[in-house]
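J.: Residue strings, one per chain:
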Amino acid sequence: MQSDPVSGSISTLSREDDAAMSSEDSSSTLADCDLGLGLSLAVGDEAACSEVLRPIPKIITAENLPHRFRSSLGTSTLRRVNGIAGIKRTADTVTPNASSQVVGWPPVRAYRMNSLSNLVKSTANKEVTSKSMQNNATNSARKMDSDCYKGFNHKQGLLLKSSYVKVNMDGVAIGRKVNLTSHDCYQKLACTLEKMFNVPIGSSVITGSSIVEYASLSGETISSKLLDGSTGYILTYEDKDGDWMLVGDVPWRMFLNSVRRLRIMRTC
Amino acid sequence: MAYSFPEEVLEHVFSFLHSDRDRNAVSLVCKSWYEIDRWSRRRVFIGNCYAISPRAVIRRFPEVRSIKIKGKPHFADFNLVPDGWGGYVFPWITAMASSYPWLEEIHLKRMVVTNACLELIAKSFKNFRVLVLSTCEGFSTDGLASIAANCRNLRELDLRDSEVDDLSGHWLSHFPDSYTSLVSLNISCLGSEVSFSALERLVSRCPNLRSLSLNQAVPIDRIACLLRQAPQLIELGTGAYNAELRPDVFSSLSGAFSCLKELRSLSGFWDAVPAYIPAVYSVCSGITSLNLSYTTMQNPDLTKLVSQCPNLQQLWVLDYIEDCGLEAVAASCKDLRELRVFPSDPYEEDEFDIALTERGLVSVSEGCTNLQSVLYFCHQMSNAALISIAQNRPNLTRFRLCIIEPRSPDYLTLQPLDAGFGAIVEHCKGLRRLSLSGLLTDRVFEYIGTHAKKLEMLSVAFAGESDLGLHLVLSGCESLRKLEIRDCPFGDKALLANAEKLETMRSLWMSSCSVSFGACKLLCRRMPRLNVEVIDETSEVAESRPESFTVQKLYIYRSVAGPRLDMPDYVLSMEEESPDLIG
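Residue numbers (the UniProt record's numbering), protein chains in the order written: chain A, 1 to 268; chain B, 1 to 583.
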């Protein structure tokens, strides 16, 4: 550890320890403290004092927060950060109080989040997976000395790769990360990305043959501008061989297996 | 003329000082002690890679054998730091490649490590022994292949929690047949399957292997033959622990575990099937560390397993353990020192069916008298529970509580949790690390500033009411080194009033607070040895920002190296913004 000698002025509150523990003690002492500390700049006058003295409501909601603070939880922030948190719900259900809408909260490491999203919870899945696990165990016993393979994915509904991939967009300095396994089709992914980058993205080039097939099979209509064309951006991905491919040409599961990162490219 | 010991004697005496603080103190005594310490210092810890230049470190300590460097701020773990922020280790590796030919150990945390770095390490340090990459990123398995192929004396390769571009498992086969010195291998973060035969051959020819953490891709029926090759293991991380129950696989596994007489630590168990858990029962009595935080195992199997470990000191587990499980832990694991309970479903909004509340933590605090370190995620907390925990366990040194819903009050009284956390800092006089959550007013910061004199790291989120809160912490916490704050109404006044304090700390992070652009520039002007970096992802035009503009994210750290040169577009150094700075 580096040495860090304690230096600089340190002002301490000169009060007994007991007094600090009496929670019923009025906030008037805090206000005294507020003025007596002699902060070198003016202490926010009325606003600060009134914030210290106001009664704390029983249940705090966004409405109770001081206005300037509440604005930092504005919907634009929430919409923008939704994709980064990689949560399963869409931006339609935005409510300012919900912890799930806030980026980086709860403070669980991205590495652990990925593992959690890979965990299979229901017992029904477990039976299925244990069977397929069993099959694969015998298979791998047979090819014991053969080369290893990538994209280990023998469990139904389970991916062992990290499910967060980076997304970059031409002209935007900041990359984002998106949780692929929380989407089950290209449409949903495209919607998330459009909201994440707050720009209507479209493609006049992507044919997405498998998208068309999938859409017709499932009866969905292609609603995303990302996939069906307009404003001159296309969605591409880098596959495991390092090649850049158009998103939408292969079945979704195959895409999940080979995608390493995404890029929204300008076509014009 | 004062009598003085010969240098060799002093150097020998200094060799008994292991803590950096002690060695730093020694170096301040006089010039000759400074020189002796300089030349004999073998380990260096760089808490912030931007605090000092590699050249300056090498100049002062020319004979280093082991270096540990940390890069990105802690909140990078939670996606709060955008990509490309920095933390590149390459400049350090190139500098050390020419100046530390005898370097043996590199420990990195939250740094960007490229394949070029790994190749350079593999080529430059003939006696290289230990590589620990904790929460790092930027490299692929190709880089690992270079390490495997070239580092003849490698003892330890630990990739814990790193983000590796996993191209294939081939890299493991690059360890030559003549390589036998492996002591510790942790590949648990890798997704690809490594060649099992290569792994088995590696394990069998390394008689000193003590720690092996496999990745998920190693199936359960392969573990037994690996364990039989390495009965001397002290730490084991299994792969996926999931298969249809087969008696022959079970008995083979069980037999293999019973041969591990020295096993102390178990982890892994992805997707553990309860039927296979009894295979490890034979080692439970010796187990001191158990990491079940990646397994789906639930009660009663989970509690049953943990209760079988009477010598347990460290337990990491998901909230599947529930209150009843923690009560069992409190009853059986009397030597427990560290408890971490992680949320199994962090974004769950509806009624939870996980019966983990504050009661579990209170039970453990009552039953486990050696408990020092707590990390606990839960949905509800009360002041009474916190006060109880504080009174039970004044020996706590690390207390991190995360009540998942921001600004949750005491669920019984609906009051803020100020009194509860106040009790923690008042009773736990040795507290070094604290993370707050729940509904908190400025009062809690008054308690912290008054009592938490040994506190070194504080994490605050969605708390406080005014600048007073921040001021109380900065002015009261004498030992504070790292402060990280998000979504709190703290602004310019407290920051500027405590500018000098910031130079006594390693770093300060503030995001979604109320600090203005103007205050950042002012701070930078006043404190030339602080790097004040503003992260602004919203607009691209730096010049047009008014002084009153509220910065999104702010990272301030002390440095003798001046502003860094590798900032991406969205990071602004306030040094550049204040051109009339005194040189």
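Wrong hints could be hidden among the right ones.
Stated by the list, open to error - Which residues of chain A face chain B? A partial, calculated answer using Cβ under 8 angstroms: (1) Ala110; (2) Arg112; (3) Ser115; (4) Gly232.
I should point out that these hints are in silico values taken from the structure, not numbers from a laboratory. Cβ atoms here follow ideal geometry from the backbone N, Cα and C, with glycine treated the same way.
J.: Taking each numbered hint in turn, which are not upheld by the structure, reported in ascending numerical order?
T.: Violated hint: only 4; rest satisfied.
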